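Quick mapping for you: the protein sequence lines, in order, are chains A and B.
When we follow the working numbering, the leftmost residue of the first sequence carries the number 1, and every step to the right adds one.
When we follow the working numbering, the leftmost residue of the second sequence carries the number 1001, and every step to the right adds one.
No farther apart than 16 Å at their CA atoms in a straight line, the calculated lysine to aspartate or glutamate pairs in the EDC-like style are these: (1) 1374(B) / 355(A); (2) 1312(B) / 338(A); (3) 312(A) / 1338(B); (4) 1122(B) / 1107(B); (5) 1003(B) / 338(A).
Hints were generated in silico from the structure; no laboratory data involved.
Small disclaimer: the values here were computed from a predicted structure and weren't measured.
Protein chains: 2
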Amino acid sequence: MIKSRLFTPGPTDVPPEVLNEMAKPIFHHRTARFREMFAAVNVGLKKILRTENDCITIAGSGTAGMEAAIACLVPRDKKTLVANGGKFGERWVKVARVYGLDVDEVELEWGTALQPETVKQKLATGEYGAVITVYNETCTATACDLQAIGAIVAETGAILLADCITAAGALPLETDAWGVDVVAAGSQKALMLPPGLATLAVSEKAWALGANITSPCFYLDLKAYRKSVASDDTPYTPAVSLIRGLQVAVDTINDIGIETVWARTAILAEATRAAAAAIGLGIYSRQPGDSVTALSLPEDIDDSIRAKLRDKYGVSVAGGQAQLKNKIIRISHMGYVDPLETIGMIAALEYTLSDMGVDIEIGKGVTAAVAVLKDWE
Amino acid sequence: MIKSRLFTPGPTDVPPEVLNEMAKPIFHHRTARFREMFAAVNVGLKKILRTENDCITIAGSGTAGMEAAIACLVPRDKKTLVANGGKFGERWVKVARVYGLDVDEVELEWGTALQPETVKQKLATGEYGAVITVYNETCTATACDLQAIGAIVAETGAILLADCITAAGALPLETDAWGVDVVAAGSQKALMLPPGLATLAVSEKAWALGANITSPCFYLDLKAYRKSVASDDTPYTPAVSLIRGLQVAVDTINDIGIETVWARTAILAEATRAAAAAIGLGIYSRQPGDSVTALSLPEDIDDSIRAKLRDKYGVSVAGGQAQLKNKIIRISHMGYVDPLETIGMIAALEYTLSDMGVDIEIGKGVTAAVAVLKDWE
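Given only the sequences and the hints, what does the whole structure look like? Please build it.
Below you can see the structure in the form of structure tokens.
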């Protein structure tokens, strides 16, 4: 009878309204009914992503979305700058190499982000056709200054591809105003759905560069998706029930207003950081994003803390990846999570650390979080 | 995107596993499949109610259950003692009068419970055939000493009918050992179901008295239910989907163990009382039960606090009834509610009182609750 609460940075909890919508009987996708639904979803996605660009939704994970963009839009005759500050940056390096791109990998110390100045210097050479970066590197819970990077790339002929999988719908993101040519989002994060959908927003500048590229793939051929979406359709069978849920989720977010959602994500992160400071836990990242918080574990505490949090308190958090295993836990503030359960999660963290022998004053973290969240609207 | 949390003393939140079970396709009730399910449910109910007595489940509210017992089992040739310490006690007085019983109404000051000594004195006259009491008067969040009352009634020829609607599955209840002849429970309380089912556990002593009574009603004729349940059936169409959900709920409770469930309910109540003391709120009842807590509101705060709690924080609590309107709020600790969200509820209460101008130190109540719940197993 322990209630389950996903504080993992994907999947996140799905609102019951969305689950109910997805449980409704399936209908055929080659119908006016589907096209009407899909058209409405795409209008809603554009509002969330702050763009007039085409929104392409693919039945696949966020990785499929990023791969489609890398495969179909990145110029072959120039270098591609790829920022690698964690497991996701590392993945985009691999994908770019699969497609034979001339990759300039910027290796970042974990917990730091791609600096705008680096991008400026590299692009000044005129040798680059694209910049690929993660907005929020989930692995280290570190966000880059995507706005500043966008402003630099926009002044060149290169395009900016941003993995916004744990950012879209959580961190401020002005796709058009910031000049982000490709935004990639995944359904199981701030969009409050189960996994299974990737959404891309693609600029005219990116489509123009992609026009010269013969697609090296079929299912992920973005041009086919673009052609279909013009008539509110998909080239291959769409994941109808997920899109049905997406409509409810997108409408929910837009009813609240995306700026309010961003602000709420930020205050949940702020409360978590305040609680961590109060009980003596460090923040791992040097440039922490607000969608996910990575807390450094005390010396004697290992990853077994996660099973204790989950089994006794129903609180699921993520552990560290690779060299960060046993060093950090990662807590999501995205989507369907609210202040009251964030307070509860912090209580569970206090209890568990105390049970594991850490000398903390139970209630200090919670008190700090409660003080921050008092101003929540 | 505010999560809804029912802290009302019925309905209470329903676990998703129960909701999912009830959403499954309906099947016919005059089948072996139904009888097998119903037999299993009745075995589970007996474990929860700690009884070998017949368990009768009626499609109706808790009131229907109490009425069936009063109409069909209470001797007509003797007096009936009915305790009235709130809206529910008052209701059983009315029901008893509808059926022409010779009612001796014991009017209790609200916030106090029927005293065993009173029962002892009354029954010593030999004039009484039945005692009707509420175990936990939800209206005032006040519990009587049902064990002591049971011991007194058991030594007489009278029967004890207990409204255990906000007690069964929440407060310690040993139906057989305490000599409670009729226990009435409702589905939408600690049994974690939507409203729609009443369950009665009826002793042989009560059946024996009822044998001499010609049933004054049809749908609520308990003898018909008893006859049917002997073959795991019901006399009239049962609420199949609710019983289906009941099976999941009953199995969940028995997997945990009813004593653990009682202990958890108690510690949630204790944490809430500790938080109230820390922020200067009084407990209304002089004999508070652990299934529901009634907090006295400060002078300047009225019932509008409930809409604020609900609209801003998703926390639904009950207000006061009749003369207690604007004086108290009532918070449930029954069923599918856990420590972490109880902590969150207290934070919401602190925020709301502070927003309404009450001078409280935000975090004091939460800290007190967190300290109590540290010992939760």
